[in-house]
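Enquirer: These are the residues of each chain, in order.
2 protein chains.
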Amino acid sequence: MSVTAPLGFRAAGVAAGIKSGGSRDLALVVNDGPSRAAAGVFTANRVQAAPVLWSRQVLSGGRLRAVVLNSGGANACTGPEGFQDTHATAEKVAEVLDDSAGEVAVCSTGLIGERLPMDALLSGVETAAGQLSRDGGLAAADAIRTTDTVSKISFKRGSGYMVGGMAKGAGMLAPALATMLCVITTDAEVSAEELDTVLRAATSRTFDRLDTDGCMSTNDTVLLLASGAAEVRPDLAEFEERVTEVCADLARQLLVDAEGASKAIAIEVVGAADEDDAVKVGRAVARSNLLKCAIHGEDPNWGRVLAAVGTTDAEFEPDRLNVAINGIWICRGGAVGDDRSKVDMRPRDVTITIDLSAGPHTATVHTTDLTADYVHENSAYSS
Amino acid sequence: MSVTAPLGFRAAGVAAGIKSGGSRDLALVVNDGPSRAAAGVFTANRVQAAPVLWSRQVLSGGRLRAVVLNSGGANACTGPEGFQDTHATAEKVAEVLDDSAGEVAVCSTGLIGERLPMDALLSGVETAAGQLSRDGGLAAADAIRTTDTVSKISFKRGSGYMVGGMAKGAGMLAPALATMLCVITTDAEVSAEELDTVLRAATSRTFDRLDTDGCMSTNDTVLLLASGAAEVRPDLAEFEERVTEVCADLARQLLVDAEGASKAIAIEVVGAADEDDAVKVGRAVARSNLLKCAIHGEDPNWGRVLAAVGTTDAEFEPDRLNVAINGIWICRGGAVGDDRSKVDMRPRDVTITIDLSAGPHTATVHTTDLTADYVHENSAYSS
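Protein chains in written order, with full-length UniProt numbering: chain S, 1 to 383; chain X, 1 to 383.
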């Protein structure tokens, strides 16, 4: 299902020979309309890959006919030649679809600093074009994997329309955005401006609150395409809810599959003076290597939580902080609370609740533990 | 030598029974004058241990007769009772020295969130007072170790005076300050105000530029005590240089002994518009888990360097960034530079040079690689 769950979309995923090993590495998603409205959200990193620079420009027109995605190479830090490669890729897609390159987004993921094998990539585009189909969503989701162990797909039904999506991302996940590629489709009738508003709202509360290793990528891209093929003009609040659900579902799949992780940690910040404070505190805690190691060792080390909270400028008094791990309030008033031996650290899911005692606002940030496997994957694999 | 290298200081290090296992865990450093001028720099963490709150207050008077330090417990997040414990410790030192508790600094290091065993600690103070001697500096340095595998001491000779120091710290090292305790002594005649200026300048360019795991402690303390016993009024520029040398030497020892590290990484930022930009970029790169894993795997992954630089708001253009690793400029103009196979990654010391091409300013930040041993030490050891 994935991106082809909504009407009006075809997709394909093929092995173009960009990756060594012969697995799928090129995906094509085509919007057959009648609408081509689209929006995109991109990495906040100032070092941006060529495909990000290109697609950002394309999206300024608010229309997309197609998205071409490759794994096996990020085409980041590749200079003007890398940008020409992205341009040539879009032109090739335009040629096989008999359409304009100015409505073709390009996404790349893989190693930074190497040129893409363009002969393989361009002939892969031709192969993919020949295999485009209404049930190509799964193959497309498979083709964008790098160190992902499984494909990530999702779809939700609205009132008379569908929202579908696929994503990749396993390491380098951090706010604004998680390191990932994501394509979301819908057959509802929604304008480009509305898609933009909805996508920003949905990503800010899902992908933006995922931080597995604090590292921000050069290639993060989330695209939202509307075909209008269901001929339904949705209630925008409901539509935003469905898109947010698809984003949250994909974000959850990214988290569970994060490189080397053995725990999925939800950091719930409550009692914040405002939502920004809650997010700030959640992120600071999510980025504490010491805490992430402790959770890996199944040690409910609330001292490391407080040490991380204390690095922020959020509104709180140190002696009014409360911390629960898996429901046991082991820190009360900034000091020892309930018996830490009552905390069951064995489940894969760990919830850390931090009460700032400063107001009514809340936010949840998701992260993973830090493991020897993470170190191994990221010291052995050049990415 | 250590803190007893300068005239006018006695020290002792004893096993008080705070740590299980019977190793030394309590140190006492006494300034016999004639001067008692002193200054201190403390953690920027808003969650501060009781001894930090106490010693900050004591130092506002600009005078110190003694410093008592314990390992085996941080006395952080221990509430009003923890503060009373610190106060009682200072009173005990005052009693055995027949002096005022208002001129006794207290430093603690170890696990957060547990009360100290006060009976053991107070009788340890008595024992230490009985063992104070002019050659007690080594025993004192030994007593403040936690996961440190070796004692850290240093001394430098000025024109007619000495500067000596000891430090502890192996994990949780991060800017402002590295997680550590440090006591520096001198027999020069320097006022409290001058000591404060010199200490801030020295720490800002040494301990503040050490970031092994991005985690900021609740207990960091650096103290500088002057006895005036050499009866020499130093040239202040030379004195600052000597103090900075002692700090740099101790910082280097902390870095080499950092938990689980196999590489010492110097991140040299050059071509910055100002020094703040250079430090900001150095810290962002020092905090990239992905880069630290790559260096551990001896992979000269400049793409991860650029991805980290791109998260900052420092002045630079992405296509004018140059990166050298161990002297080989493998990234030029934001893209591939010299052959990466020329980089020799085998030495323990790795230098990453980042040229922002934005001005004449420079700074160097020091960090370590991220290893499975780090994960192991910090998931198995509650601290």
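Where hints are given, some of them may not hold.
Since the list gives no way to pick one copy over another, a pair counts as held whenever it fits inside one copy or between any two copies.
[Claimed, not checked] In silico lysine to aspartate or glutamate, DMTMM-like type, Cα no more than 25 Å apart, as pairs:
no., residue 1, residue 2
1, K342, E231
2, K263, D99
3, K156, E231
4, K263, D32
5, K156, E194
6, K342, E377
7, K280, E268
8, K280, D313
9, K156, D32
10, K342, E126
11, K263, E377
12, K156, D313
13, K342, E114
14, K280, E231
Everything labelled a hint here was simulated from the structure, so no lab data went into it. These numbers were taken from a predicted model, which means no experiment stands behind them.
Enquirer: All the hints need checking, so say for each whether the structure fits it.
Expert: Right, here's what the structure says about each hint:
In this assembly of identical chains, the alpha carbons of K342 and E231 never lie at most 25 Å apart, being 55 Å within a copy and 60 Å across copies at closest. Neither within a single protomer nor between protomers do K263 and D99 lie at most 25 Å apart by alpha-carbon distance, with minima of 46 Å and 53 Å respectively. Proximity of K156 and E231 under a CA criterion of 25 Å is satisfied intra-copy only: 17 Å inside one chain copy versus 81 Å between copies. Proximity of K263 and D32 under a CA criterion of 25 Å is satisfied in neither setting, with 41 Å inside one chain copy and 54 Å between copies.
Taking the shortest alpha-carbon separations for K156 and E194, only the intra-copy value of 19 Å comes in at or below 25 Å, while the best inter-copy value is 67 Å. In the homo-oligomer, the alpha carbons of K342 and E377 lie at most 25 Å apart only across protomers (24 Å), although the nearest pairing inside one protomer, at 34 Å, exceeds that limit. In the homo-oligomer, the alpha carbons of K280 and E268 lie at most 25 Å apart inside one protomer (12 Å), although the nearest pairing across protomers, at 29 Å, exceeds that limit. For the homomeric pair K280 and D313, the shortest alpha-carbon distances inside one copy (8 Å) and between copies (18 Å) are both at most 25 Å.
Within a single copy, K156 and D32 get their C-alpha atoms as close as 20 Å, which meets the 25 Å cut-off; across copies the closest is 76 Å, which misses it. In this assembly of identical chains, the alpha carbons of K342 and E126 never lie at most 25 Å apart, being 60 Å within a copy and 38 Å across copies at closest. With identical chains, the CA atoms of K263 and E377 are at most 25 Å apart both within one copy (16 Å) and between copies (18 Å). Taking CA atoms no more than 25 Å apart as the test, K156 paired with D313 passes in neither setting, with 38 Å inside one copy and 38 Å between copies.
Taking the shortest Cα distances, K342 and E114 sit within 25 Å of each other only across copies (17 Å), while inside one copy they are farther apart (51 Å). In this assembly of identical chains, the alpha carbons of K280 and E231 never lie at most 25 Å apart, being 41 Å within a copy and 51 Å across copies at closest.
Hint check: violations occur at hints 1, 2, 4, 10, 12, 14; the rest are consistent with the structure.
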